[in-house]
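J.: Here's the letter readout for the chains.
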Amino acid sequence: MDVKLRIKRFDPERDDKPHWQEYTVPAEPTDRVLDALLQIKGYQDGTLALRRSCAHGVCGSCAMRINHLNRLACKTLVKDVKQPIVIEPLKGLPVIKDLVVDMEPFFEKFRIVKPFLVNDETPPPTEWRQSIEERARFDDTTKCILCASCTTSCPSFWTNSEYLGPASLVQAHRFIFDTRDRAAAERLDILNAREGVWRCRTIFNCVEACPREINITKAIGQIKKALVYNRF
Amino acid sequence: MANYTMSRARPSSNFELASWLYMRVSGVLIAFFLLGHIVIMHILHHVDEIDYAFAAERLANPFWRIYDLVLLGLVVTHGLSGARTVLDDYVHSRGWRALLKTIMWALGVLFLVVGAFVLFTFQPVTA
Numbered sequence: 001m002d003v004k005l006r007i008k009r010f011d012p013e014r015d016d017k018p019h020w021q022e023y024t025v026p027a028e029p030t031d032r033v034l035d036a037l038l039q040i041k042g043y044q045d046g047t048l049a050l051r052r053s054c055a056h057g058v059c060g061s062c063a064m065r066i067n068h069l070n071r072l073a074c075k076t077l078v079k080d081v082k083q084p085i086v087i088e089p090l091k092g093l094p095v096i097k098d099l100v101v102d103m104e105p106f107f108e109k110f111r112i113v114k115p116f117l118v119n120d121e122t123p124p125p126t127e128w129r130q131s132i133e134e135r136a137r138f139d140d141t142t143k144c145i146l147c148a149s150c151t152t153s154c155p156s157f158w159t160n161s162e163y164l165g166p167a168s169l170v171q172a173h174r175f176i177f178d179t180r181d182r183a184a185a186e187r188l189d190i191l192n193a194r195e196g197v198w199r200c201r202t203i204f205n206c207v208e209a210c211p212r213e214i215n216i217t218k219a220i221g222q223i224k225k226a227l228v229y230n231r232f
Numbered sequence: 001m002a003n004y005t006m007s008r009a010r011p012s013s014n015f016e017l018a019s020w021l022y023m024r025v026s027g028v029l030i031a032f033f034l035l036g037h038i039v040i041m042h043i044l045h046h047v048d049e050i051d052y053a054f055a056a057e058r059l060a061n062p063f064w065r066i067y068d069l070v071l072l073g074l075v076v077t078h079g080l081s082g083a084r085t086v087l088d089d090y091v092h093s094r095g096w097r098a099l100l101k102t103i104m105w106a107l108g109v110l111f112l113v114v115g116a117f118v119l120f121t122f123q124p125v126t127a
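Residue numbers (my numbering), protein chains in the order written: chain A, 1 to 232; chain B, 1 to 127.
Derived by calculation from the structure, the hints in this document are not laboratory data. There's no promise every hint is true.
Pairs of lysine-lysine, DSSO-like flavour, derived with a Cα cap of 30 Å [unchecked claim]:
# : chain 1 : residue 1 : chain 2 : residue 2
1 : A       : Lys224    : B       : Lys101
2 : B       : Lys101    : A       : Lys91
3 : A       : Lys8      : B       : Lys101
Covered by chain B, according to a simulated footprint, are these stretches of chain A (three or more residues, beta-carbon under 8 Å) [said to hold, decoys possible]:
# : segment
4 : 14–26
5 : 153–162
These numbers come from a predicted model, not from an experiment. Think of the CB as a built atom: it goes at the ideal place given N, C-alpha and C, for glycine as much as any other residue.
Chain A on its own, in the form it takes in the complex (with noise of 0.2 Å):
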């Protein structure tokens, strides 16, 4: 079959604005839309600007608007979405080329939250000792890739680019609640600002988004709650 893509092409060596292309490639109806893409850079057109790595799920680097919804063109089947599919860049981030953004702003609020375990005391013997309900309590938010595809998903983060976003705050959430971690105060002090779990407007946009099925809402609702009977 043929499948036809319409790609939202930006070059900031030549363009000033960003301009649609339509290209139509060979595929089988259970390629990959990332499959579709790397026919037209390799055979049709090596101009073309995404980045990929992985191929299988787990790196999270091709993710991209397809048909305006954020998806992983790794895992996305080309007979499962409209003809001519629509390709677009994340939103929110700003476009270096094509489908390449500058994930700079997304990394830097994903360090600001502190995404790694924190605990300066004496190791046991053995080994840290943690009940399966405590590993089950953040079990959902281990499993992100760091994509991006909900926070350039989320409507409180395209207006305010301040804003911590999604991706940091399932980040948060898979320390805060480790039985092991030791800085839940500070992590929470930091998602009470302004620019924190607040801005969530519980627009379940992430949720949708998430390649990886994360309850995103559910966990951010889970820090509020947190944060309430933290302070009251």
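Since the structure of chain A is provided, determine the placement of chain B on it from the hints.
T.: Frame of chain A, contents of chain B only:
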């Protein structure tokens, strides 16, 4: 050892938290007050019965004056608190945001004062 205090963590004020919580609490309270209002004004009494005398009789009872005053306060603050978050989301210039919020809260205070003035000073005029 990592220096954990180097982050952007400042001691945060609880204003955003309080504002978020207030929206939830006031929302639930408004739901109950509004239900009472709807039952009295639209179910127990037909709209044709509601005239000056009806309103004057209700306001003769201090309970209803307080009921209306509380409902007024809740509705104005709940609505403006929501409008504040909209301004925070969409108005990025500090100057414009400050100006719009000042106008907004000034109007809010005006509504509260006018409403409270009527509720406190209302004297039924017998026809």
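J.: Can the restraint linking A/Lys8 and B/Lys101 be considered satisfied, given a maximum Cα separation of 30 Å?
T.: violated (38 Å)
J.: How does the coverage statement for the segment 153–162 of chain A fare against chain B, requiring three or more residues with Cβ below 8 Å from a Cβ of that chain?
T.: holds (count 3)
J.: So if I understand the rule, the pair passes when the alpha-carbon distance is 30 Å or less; does A/Lys224 with B/Lys101 pass?
T.: holds (25 Å)
J.: Check the hint pairing B/Lys101 with A/Lys91 against an upper bound of 30 Å on the C-alpha distance.
T.: Given pair B/Lys101, A/Lys91 holds - Cα atoms ~29 Å apart, limit 30 Å.
J.: Taking 8 Å as the Cβ threshold, is the statement that the segment 14–26 of chain A is covered by chain B upheld or broken by the three-residue rule?
T.: n = 0 at 8 Å, threshold three: violated.
The structure fails to meet hints 3, 4 from the earlier list, while all remaining hints are met.
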